[in-house]
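J.: Those protein sequences? They're chains Z and C, same order as listed.
One point on numbering: in numbering that gives the first Met the number 0, the residue at position 27 of the first sequence is 26, and numbering is uninterrupted.
One point on numbering: in numbering that gives the first Met the number 0, the residue at position 57 of the second sequence is 56, and numbering is uninterrupted.
If you are wondering where the hints come from, they were derived from the structure by calculation, not from laboratory data.
Among these hints, one or two may not hold up.
Some, not all, of what chain C presents toward chain Z, calculated at C-beta under 7 Å [as the list claims (entries may be wrong)]:
#1 106
#2 109
#3 111
#4 120
#5 121
#6 124
#7 128
#8 135
Far from chain C by the CB rule (all over 12 Å, computed), these chain Z residues [what the hints assert, rightly or not]:
#9 6
#10 8
#11 9
#12 12
#13 22
#14 25
#15 26
#16 38
#17 46
The structure displayed is predicted, hence computed values, not measured ones.
Even for Gly, the Cβ is constructed at its ideal location relative to N, Cα and C.
Listed below, chain by chain, are the residues.
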Amino acid sequence: MATRVATTTLHSQSLVRRKQLKKLLVSGVALVYLFVVLLPLYWMLRSSISEN
Amino acid sequence: MSATPATAGTGARGRLTARHREWLLGYAVIVPAFAFVFGLILYPAVWGIYFAFTDKVIGRPEKFVGLTNFFWVLQWPDFGLMIVNTVVITVLAVGIKAIVGMTMALVLNEDIPFRSAARALMFLPWTVPSFVAGLIWRWLFDDQNGLFNWGLLNLGLIAAPIPWLGRPATAFMAIVVVLVWKGFPFFGISYLAGLQAISTELYEAAQVDGANAMQRFRHITIPGLQHVILITVLLSTIWTANTFDLPFILTGGGPGNATEVFTLLTYQLGIQNGRVGDAATVPIMAMPFFGALIVVLTRYMLSREEA
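Okay, chain Z solo, but in the shape it has when bound (with noise of 0.2 Å):
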């Protein structure tokens, strides 16, 4: 009985890191497609309102 509980525990544990893991992972993603994504639209908008 408690090999059973001990071994649900770990698999509930390794299920949340699982979904941690891939949380931060996406995120990681994100702003990295954000940063490519805006950094030559900031540099455009930073062009238009800068003297040269």
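With the hints as your guide, set chain C onto chain Z.
T.: Okay, now just chain C, sitting in the frame of chain Z:
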């Protein structure tokens, strides 16, 4: 019993029956669309095809020369290179756009913070005019004042500025990068719309059956998106192969002729040299390829409508 539409317009209201009025209204409605198609697409296209068989030069009356222009263009020194460049740029750009667009859609389909804002922001490159995008990126790639060289030099990763647009390989990749940056949101948003149409129950059932993430992607997501993938890839292939503004602004076909694509050759022959007949020949030679793609796309879309 009330009068039917067919009889309501007869008699006192005039000589035209309701059906005739409907016909007139129908024709009146399609006239603007017909004028647009005829005036802006069909008329120039027919003249273009006609000029391809003449020796038309700006300021001189044309003379029919048969297939002479076609043989002349085929013997153009860089014609082979131009075809290879067009095909390689199109295949690379469309392939990368599809992959990046797919990851974008998968990411934006997840529950991430500020998801709506992220969706709107990631769609921005698609809305930027190509000419503006070309100018921004030309500046980013500039060897003296460009952001990339500035960053790499400051990080100590390079010792001297890299002439990104001055070397064949880097200039080629620069065009692909800008095409991908400008075009991947179209794929991303299309795939995202397709993803939202796939039932979550399928994923849940697969998960219960023990399918891992990769198996779910391969056996549920890809089949669910196959129609969207086909249409986006076909449309993007036509758009990308016909791109003129980005290669023109970024490299102008250079260095040498390393990034020459068929739209640039058309521009050089027609606008710079005034050889309208030869210039018209180049896109006419590409027409069978695009025609085949359009036929496949149209048939596919019609078959989907009927199904």
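J.: Against this structure, judge whether each hint is valid.
T.: Tested hints:
1. 106: 5 Å, holds
2. 109: 5 Å, holds
3. 111: At 5 Å from the nearest chain Z Cβ, residue 111 of chain C passes the 7 Å test, so the hint holds.
4. 120: At 6 Å from the nearest chain Z Cβ, residue 120 of chain C passes the 7 Å test, so the hint holds.
5. 121: 6 Å, holds
6. 124: Cβ of residue 124 of chain C sits 6 Å from chain Z, so the hint holds.
7. 128: 11 Å, violated
8. 135: This interface hint holds because 5 Å falls under the 7 Å limit.
9. 6: 17 Å, holds
10. 8: 21 Å, holds
11. 9: 18 Å, holds
12. 12: Holds, because the least Cβ-Cβ distance between residue 12 of chain Z and chain C comes to about 18 Å, which exceeds 12 Å.
13. 22: Answer for residue 22 of chain Z: violated, closest chain C Cβ roughly 8 Å.
14. 25: 5 Å, violated
15. 26: 6 Å, violated
16. 38: 8 Å, violated
17. 46: 7 Å, violated
Consistency with the previously given hints fails for numbers 7, 13, 14, 15, 16, 17, ordered from lowest to highest.
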